Each structure stands twice: as structure tokens, then as C-alpha cells.
Amino acid sequence: MKAKYQGELTFGMIEPAAGLNRALDMRRSDIISEISKSRMRGRGGAGFPTGTKWNLAAAAISERKYVVCNADEGEPGTFKDRVILQEYADLVLDGMTIAGKAIGAEEGIIYLRGEYAYLRSHLEEVVEARRNKGLLGAITRGSTPITFDIRIQMGSGAYVCGEETALIESLEGYRGEPRNRPPYPVDTGFNNFPTIVNNVETFAWAACILAKGADWFTQVGTDKSTGYKLFSVSGDVEKAGVYEFPMGITIDDLLKEVGGTGAKAVQIGGASGHCVPAADFKRVMAYEDISTGGSVIVFGPDRDMLSVACNFLAFFVEESCGQCTPCRIGNVKLLDGLKKLQAGTCSMTYLKELISLGETMQIASKCGLGQSSPNAFLSIVKNFKEELMGRVSE
Amino acid sequence: MLLTENERLRQNIMEWVDEVNYDRSGLIPILQKVQKKYHRVSSYAMQVIADALDIHPVEVYSVVSFYSFLDEKSKGRFIIRLCQTISCDMAGKSRVARQLENELGIQFGQTTADGKFTLEYTNCLGMCDRGPAMLVNDQVFTHVTPEKAHEIIEKCRQTFGVFALQDQERIG
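Here the protein sequences line up with chains L and X, keeping their order.
Quick note, my numbering runs 18 ahead of the 1-based positions in the first sequence.
Quick note, my numbering runs 1239 ahead of the 1-based positions in the second sequence.
In case anyone wonders, no lab produced these hints; they're calculated from the structure.
Treat the numbers as computed from the prediction; the structure is a model and nothing was measured.
It cannot be assumed that every hint is accurate.
Unchecked claim - Chain X residues, not near chain L, derived (Cβ > 12 Å throughout):
id, residue
1, Gln-1271
2, Ser-1281
3, Ser-1301
4, Arg-1337
5, Gly-1344
6, Thr-1350
7, Thr-1361
Said to hold, decoys possible - Rough simulated footprint, nothing fancy, chain X against chain L, three-plus residues with beta-carbon under 8 Å:
id, stretch
8, 64-77
9, 252-262
Unchecked claim - Which stretches of chain L does chain X cover? Using the computed rule of at least three CB atoms under 8 Å from a CB of chain X, they are:
id, stretch
10, 163-171
11, 323-333
We put the CB at the ideal spot given by N, CA and C, even for glycine.
Based on the sequences and whatever the hints tell you, model everything.
Here it is, written out as C-alpha cells:
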């Protein structure tokens, strides 16, 4: 299993517009079957099958539909989308245009996080160049002419807007508060029109799948998690950066490639993911085991896991939209509990209460943020209890 | 003809509202433009936008208060946002933070008395492989050390006063 480091990713070997040109000559239903056949699942982390999503949006009957690219990459430890947008923007726009044809949309929107404002001018240049080449706007080169154009809208510094319904709220000019689902965006999305929201990486792979065929994609990975995946690796490693691995790689193998052997724990999936202790490094990163959007943060032997947990919880306290009680209050209580542990004033009874609170938040929160925010707390408490209890404050 | 600041603001807003065809979904782009040009979204601006889009000013306020890059209070010409999330934290963000405070003589969350600098923490900037990272307005700086923090601030300072004309667009 050879790692591909940034600069040598598969994306660099795919000819831009190859996938799009092929898709333009295909029927809409054939494009979707190709994506479905690849069994690709969303690269943002949630892992919803892309083909199914596109199919639902294609089946919806509406005068207007939208393709939205979720470039609100806010998950701590994730930066692959930044690299993709910097280096392979054409592939992403190919993917969006393919999706536009597949579902019958004429407008695409890239929702770019405010922190990435410095990428905007580059993306706008790429969009403009494509318009001049006839790859956006009125696209006449395929078997049936289509119309599809893309605009960029900036976020304004809110992590929760990476959640697809919050992102749509933000696009519509509201607070980024997640909606109840159902109805799903494929049915009732931007301005109530059917909308697909896919991650940056998902669109790029979609373009590759159309270029190389679904079989090329299913050759690698596992049965349930096909294809390649980009991983953003940071923390206590020799060589941090973006790596490409087939899905289903073990944590051990990944650590060997990135120079992170000897780690005490690895946070998979960012702040909302899980903290995996060294004993579990044989586990695999795939949708059937540890599902991930590709964030890998490595903790060396000397890291204090309690301050790691504090950092994650402080993040959620700030980023909770405040709409539902379990998330708004729960995260504050969990952080407060961690501070008690730091001060050495937390009883085991209280810690158990906090664990039960965390489990309640996982069930009772409205959106993915609140449902996953206790993950880091719970897994760190479970795996590093020894380290956490009985502290003597300095 | 001389325009007062409020008249100019109103004129700008009406142009920007026109660009989005008076559509509610253009609200955030309009607010971003106001924030960028005037370094704040004043209650007067919110009122004008609300009137133009035919929504209640409270709705505009609710949006401004939600997003961390929009602010009713005036911010500095340079907004320095240091990433406080885990990877940058492990890479030594605390020392950079201390140095920034020392250089500017303010704490995080404050703006210098001359209105030039605002110092803030922000969450993950997506530069986890090159931490500690910080944004100065829209521009990102990586592998920031205490020494580099000083240099960056000096560079910002050079855009004031007699250097203002030639260097204004260089940073941020």
C-alpha cells in the first residue's frame, strides 16, 4: 500500500475535462448509474452514497435545481479541500458540471468558507477561464447542449454551516441553523428547490470516475468503502500534509507512511470524530469501521489527553449554533467537567453523570454537530481514564 | 458635493442590494461587503439593508450576531485571527499568542486604541499541517513563530502614515 503525498495525488494524473467530456455525451441516467456503480460515498465524512443522492435529485420534478459544493471545510484537522481547490479546481468544477447535467440543474454554487477568502480570486479565474472555453455557461460540445454556470458565495466564519441544511440556510441569507431532516435538500433545498450538496473531494472523484470508469474506482478499497480517499494528517508526525490512501487502510499502516509510529492516540474524523488509542491501531478507516472525512490528528507519547479534550470541547462551545438545548448547554457542561478534572476536583460519580450527559447529547441533539460533539470527550474518558483522574492542580 | 459617511454607506448599500436584485438570499454577501469596507456593520447599516430587502431589522441583526466574521462593533484596520484549534495549539500557538499581545499591548478580543489592530482567536483555519497559523484580514500566515509575529505586525504598521500610499494593498 503505497502512500501518495500531496503533489503526486491521483487527481494530478487525470486530464481535466476528460470526465466531463465523456459525461456530456452520455444520457443523464447513464451518468448516475456510473456513479452508483462506483459505490462512492460522500467524502465529507457522513458517507451518504453519492449515486443515491444524485438519483433522488434527478427524480425530483422541479423547474429549478441546484448543485452546491460544500467548501466550508471547518472540521479541525481537515485541509484536503483547501489543497484540492488550490491545485485541482478544474476537476471539482468538472464534477459539479457533471452533477448539473445528471440532475438537470443549471446553477452551481460553491460555498467557500470565509477563512479561505484568499482562494476566491483563484477560483474565480478558473471559473472565468472555463466560461471562455465553453465549459461553463452554454455548453454545446456534448450530444445535447446544456446550460450550467457556477458562482461562489463566501461563508462568514461558522463551523456549523458545513452541515448541509445549515449551509443552505446561510445561502438563503439566514443564521446557519440546521433544519430538521426530512425533508432532505434533494427534495427541499436552496430556496425550496431540489439541491444536492456534496463535498469538494466528492465532486473531484466524480469527475475521475467519469474519466476512468466505475470499475477503476471499485478496484481499490473495501467492499463497502470503495476507492481512494484523501487524508489530512497533522499533529505529532514527521511529515504532515495531504495523503491519498485506498479506503480501508489500518491506522498502523497510515502512521508508518506519515512517520507517526509510537503515537499514543490518533484522533480520526476531527473534533467530532473519535480518539483511538494505540491498542486499537489495527482498526481500519472505512465506513464500516471508523468513518471519516479524512482528518487524522496524531498525538505523541507526551501529549496530555485532558488538554486535548478541553481544546475540542472549547471548540464546540464556541461553534454550537445554540438552537437546541442538548448541544448548547451540554457542551458547556462537558467543558466545565473537564476543567474540574484538570483542577483535580471531579468525583467519579460526577464523571459518570457527564458520560451519561454525553450519551444523551448523541441521541437528543438536532444535528450532526451536537450528536457528534461528545464523541471526543467520551472516547478520551473511556480510553485514558487513568490519566484523567486524581490530578493534583498546580 | 460632500457626502456624509451615512449617505455614502446608504449609497453603497443600495448599489449592492441592486446587484443581488433585492433578493433575501443576497443578504450575507451584502453584509460581507459592508463589513469589508466599513470594518463593521452598524445599526444604521442594518436598518438600511432591512428597508431595502423589506425584512425586519432584527432579522438582519440576528444574522450579523451569528457569524463571527460580521460585527456590529468597529474592528481594526487589521484583524489578526490566530488559530486556537488542536494542531496549531500543539505546534506552539500559545507563545505566538503571548508575543502578539506584547507587540500590540492588548489582549485577545480587544482592538488597539488607535483602531489599527484587532486581536482575536479563531477556530481551525485548515492549515493544520503548517501551524501555528493566523489570518491577517484575508491573508494567511503559516509556521508563525514569536519572531515572525513581530515581523508581520511591523509590516502591517508600515502601511500607515507616510508609507500608506505605496503599501496599502500589500497586506490583508
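Now the hints, each set against the structure:
{"no.": "1", "hint": "Gln-1271", "verdict": "violated (6 Å)"}
{"no.": "2", "hint": "Ser-1281", "verdict": "holds (17 Å)"}
{"no.": "3", "hint": "Ser-1301", "verdict": "violated (6 Å)"}
{"no.": "4", "hint": "Arg-1337", "verdict": "holds (17 Å)"}
{"no.": "5", "hint": "Gly-1344", "verdict": "holds (25 Å)"}
{"no.": "6", "hint": "Thr-1350", "verdict": "holds (17 Å)"}
{"no.": "7", "hint": "Thr-1361", "verdict": "violated (7 Å)"}
{"no.": "8", "hint": "64-77", "verdict": "violated (count 0)"}
{"no.": "9", "hint": "252-262", "verdict": "holds (count 6)"}
{"no.": "10", "hint": "163-171", "verdict": "violated (count 1)"}
{"no.": "11", "hint": "323-333", "verdict": "holds (count 5)"}
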